[in-house]
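Based on these hints, arrange chains B, C and D on the given structure of chain A.
Protein chains in written order, with our numbering: chain A, 1 to 138; chain B, 1001 to 1138; chain C, 2001 to 2138; chain D, 3001 to 3138.
These are calculated hints, taken from the structure and not from any lab test. Do not take every clue at face value.
[Said to hold, decoys possible] Chain A regions said to be covered by chain C (calculated; three or more residues, Cβ under 8 Å):
| no. | region |
| --- | --- |
| 1 | 21–34 |
| 2 | 49–60 |
[Unchecked claim] Facing chain D, a subset of chain A residues (Cβ under 10 Å, in silico):
| no. | residue |
| --- | --- |
| 3 | Phe14 |
| 4 | Ile37 |
| 5 | Gly46 |
| 6 | Phe72 |
[As the list claims (entries may be wrong)] So the derived label-pair ranges between C-beta atoms look like this:
| no. | chain 1 | residue 1 | chain 2 | residue 2 | range |
| --- | --- | --- | --- | --- | --- |
| 7 | C | Glu2129 | A | Arg86 | 43 to 53 Å |
| 8 | B | Leu1118 | C | Gly2054 | 46 to 56 Å |
| 9 | B | Gly1005 | C | Leu2118 | 37 to 47 Å |
| 10 | B | Arg1065 | D | His3071 | 22 to 32 Å |
| 11 | D | His3071 | C | Ala2125 | 52 to 62 Å |
| 12 | A | Gly45 | B | Ala1138 | 44 to 54 Å |
| 13 | B | Gly1021 | D | Tyr3063 | 24 to 34 Å |
| 14 | C | Val2128 | B | Gly1054 | 51 to 61 Å |
Cβ atoms here follow ideal geometry from the backbone N, Cα and C, with glycine treated the same way.
Protein chains: 4
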Amino acid sequence: MEGTGFQLELTVRFAETDAQGIAHHAAFLVWFETARIEYLRRFDGGYRGLREQGVEATTSEVYVRYVRPAHFDDRLVIQTRCSELRGARFRFEYTVERDGETLAEAWSGHACVDGKTLRPTRVPAWLVEAITAAEAAA
Amino acid sequence: MEGTGFQLELTVRFAETDAQGIAHHAAFLVWFETARIEYLRRFDGGYRGLREQGVEATTSEVYVRYVRPAHFDDRLVIQTRCSELRGARFRFEYTVERDGETLAEAWSGHACVDGKTLRPTRVPAWLVEAITAAEAAA
Amino acid sequence: MEGTGFQLELTVRFAETDAQGIAHHAAFLVWFETARIEYLRRFDGGYRGLREQGVEATTSEVYVRYVRPAHFDDRLVIQTRCSELRGARFRFEYTVERDGETLAEAWSGHACVDGKTLRPTRVPAWLVEAITAAEAAA
Amino acid sequence: MEGTGFQLELTVRFAETDAQGIAHHAAFLVWFETARIEYLRRFDGGYRGLREQGVEATTSEVYVRYVRPAHFDDRLVIQTRCSELRGARFRFEYTVERDGETLAEAWSGHACVDGKTLRPTRVPAWLVEAITAAEAAA
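The shape of chain A in the complex, shown without the other chains (with noise of 0.2 Å):
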């Protein structure tokens, strides 16, 4: 995945450290919900504004690979870029770096449902066409 589209920094904290003193392997599926998030607020409203329109975004499968632990206070990079999009669903792929290192490398399909009837529903126009713009500038 090339460095040139969206990123997201943070910082491992201590409370998603596990016994083996690494960040716990549930702790990078927050972090791209965090990214997704992050890569949505660039575009009119992003996320929360999506579901002040009354829809939902849902997550249908994510895959993780993990090359080498996260540790403590280590400053993360996630590349994300969303890889897909059509009708309802979308997909987001991922690359976690520590100086440039790899860490972790991931995907993860979701879906746009109805707030009310949680049917699924057409990812809105302008989102389509914002995501498209971007990834095709990245």
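Using the frame of chain A, we list chains B, C and D on its own:
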């Protein structure tokens, strides 16, 4: 606190430990919440019933004194009692024990609110009676 | 996955829910870890014994497909089996069910490492034998 | 608490919310810990340096008064000061604010212990001096 009242047993999860090799101090709040829910489960629908009646229980205060660390896979007993119940407010007290040894002592203050208006609402009479009877018996 | 193998029952904690009113998708990884630990508990010291022998189990991959949401206080069954065991590596498969309905399917890859050098080390022979026998019986 | 001292800004993560649609009350403890770590980062190696010197900081007490709920994506300010420092013990005070409005007030008590023996050990002199100077300036 006497050992004749309600108690929850639980096992420290690996994800609840931190890089000091002990259960993270925030995990205790999750255990206390779980203990309150199990405490209330004995009464007519319990916490879930309360929520279905449109009443939410909020947490207004919490205090914990940590005496000894808990470790991964430790089998803990959370002694739990409802020590006060007045109008919209109620209070729980806890002792965390491992093999009879005290690891922590704590209490938490709560208030019932209407799930829609979020304004304080009295603890439902059926619950006041059930808890009062249970604590008198303990 | 057949229902004759190991299964863990657990109740969704309130702290595991999110503002969508469902169990957060990262909570599933914590449940799978708990399921692995309970799975191993049946064998001679289990995961704790492994750690006391100086062997750490690391997580190298995880995949989850979320089919239906889990809610607060849902009683879940995590069907769990060890589907592969070779050298330092092993793999678990999971199905999360509620009243016989599948909520999620998942698998995770792991490797044993020496707790001091963090270099890969074979899964101890006693554990290979115990797991192989247990899975053959299931 | 005056606003002239140290403050940490953070954004409420989606994973930190619960089914009441607000930040879970245990998340505040994680934020306070993060605030302490950032507070100490200004001084010669900070918390990480403390750990590398073989000194662990343990949490012995925590108290939180929750005034108003925090929501997903809220931008919070954690006003943080070290209010006491004596022998092995120290104490922090916190105010959680959103747009100048107080959401919570809290304090926590801590003790330094030797990382190996786990016996109390004095807060290192360099840290006492640095904190005393910083608090006098605030």
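- Structure versus earlier hints, numbers of those that do not hold, lowest first: Structure breaks no hint.
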